[in-house]
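Following my numbering, the numbering of the sequence shown begins with 1 at its first residue and continues without gaps.
Keep in mind that the hints are not guaranteed to be accurate.
[Said to hold, decoys possible] Between beta-carbon pairs, the in silico distance windows are:
{"id": "1", "residue 1": "N120", "residue 2": "Q7", "range": "30 to 40 Å"}
{"id": "2", "residue 1": "N112", "residue 2": "P141", "range": "18 to 28 Å"}
{"id": "3", "residue 1": "Q7", "residue 2": "H39", "range": "19 to 29 Å"}
{"id": "4", "residue 1": "K82", "residue 2": "L113", "range": "41 to 51 Å"}
{"id": "5", "residue 1": "A35", "residue 2": "V179", "range": "35 to 45 Å"}
{"id": "6", "residue 1": "H36", "residue 2": "A106", "range": "20 to 30 Å"}
{"id": "7", "residue 1": "I28", "residue 2": "G76", "range": "15 to 25 Å"}
{"id": "8", "residue 1": "G145", "residue 2": "Q81", "range": "36 to 46 Å"}
{"id": "9", "residue 1": "G145", "residue 2": "R110", "range": "19 to 29 Å"}
{"id": "10", "residue 1": "A97", "residue 2": "T40", "range": "33 to 43 Å"}
Just so you know, the hints here were simulated from the structure itself, not pulled from any lab data.
What you are looking at is a predicted structure, and each value in this text was computed from that prediction instead of being measured.
We treat Cβ as the ideally placed atom computed from N, Cα and C, and that holds for glycine.
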Amino acid sequence: MAAKKMQIPTLFKGAGPGTHWHVNDARILGFTSAAHRPHTKNAVITHITAYSFPSPYVSLTTSFAVARQYALSGPGGIASQKIPGYVYEVDLSACSAMPAIFNPVAEVSRANLAHAHNGNQSLILGVASQIHSRILNAKVPHSGGMRALPNISADMRALVNALRDAEVLVNAVPSTCVVMRHRVF
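Turn these sequences into a full structure, and let the hints steer you where they fit.
Pasting the structure below:
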């Protein structure tokens, strides 16, 4: 039986005005992680929930729309026609050697009950979006009639954010695999 070849989707990276990848053109430099620490579940969770700097990962997404959202604002302000944000398009099948690719949902899911929480059904909205963050500050019923704020682990936050962003982690992407840079505003 022949081994099934892995399908590699096109990936994207958003760079808002003033961010590192806005100032430094990945079409020339490629994407490189800022740290060399071992790949661990904790490193993945910290990268996603607290964007540890320096991080051993570069975040990419399978969604152009998600990358565009990240590209629309940065420390340099809101993207405009004069100062656009950039969405880089990455084709890993163009790499001569495949970079290390990590699926953060699979990495975090290996933890026992990583998805556990004690909130209600709207909790995921509160974790995934600042617009709904008030949900996290509302007490919910617990057994015995007590009401308390929901507990949300870093594992749960990492899972929700990775799913929301269709996130893929890599350690480096050579410039030959960065095939395009889209201007967005």
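The hints, checked one at a time:
1. The hinted window of 30 to 40 Å between N120 and Q7 holds, with their beta carbons roughly 37 Å apart.
2. The beta-carbon spacing between N112 and P141, approximately 25 Å, falls within the hinted interval of 18 to 28 Å.
3. Evaluation of the 19 to 29 Å hint for Q7 and H39 yields a pass: the beta carbon distance comes to about 23 Å.
4. Distance hint check for K82 and L113: the Cβ-Cβ separation is about 49 Å, which falls inside the suggested range of 41 to 51 Å.
5. At roughly 26 Å, the beta-carbon separation of A35 and V179 lies outside the given 35 to 45 Å, and the hint is violated.
6. A C-beta distance of roughly 22 Å is found between H36 and A106, which places it inside the suggested range of 20 to 30 Å.
7. Distance hint check for I28 and G76: the Cβ-Cβ separation is about 19 Å, which falls inside the suggested range of 15 to 25 Å.
8. Our hint of 36 to 46 Å for G145 and Q81 is violated, since their Cβ atoms are close to 57 Å apart.
9. Remark: the range hint 19 to 29 Å for G145 to R110 is contradicted by a beta-carbon distance near 36 Å.
10. For A97 paired with T40, a C-beta distance near 23 Å fails the hint of 33 to 43 Å.
When held up to the earlier numbered hints, the structure conflicts with 5, 8, 9, 10 and fits the remainder.
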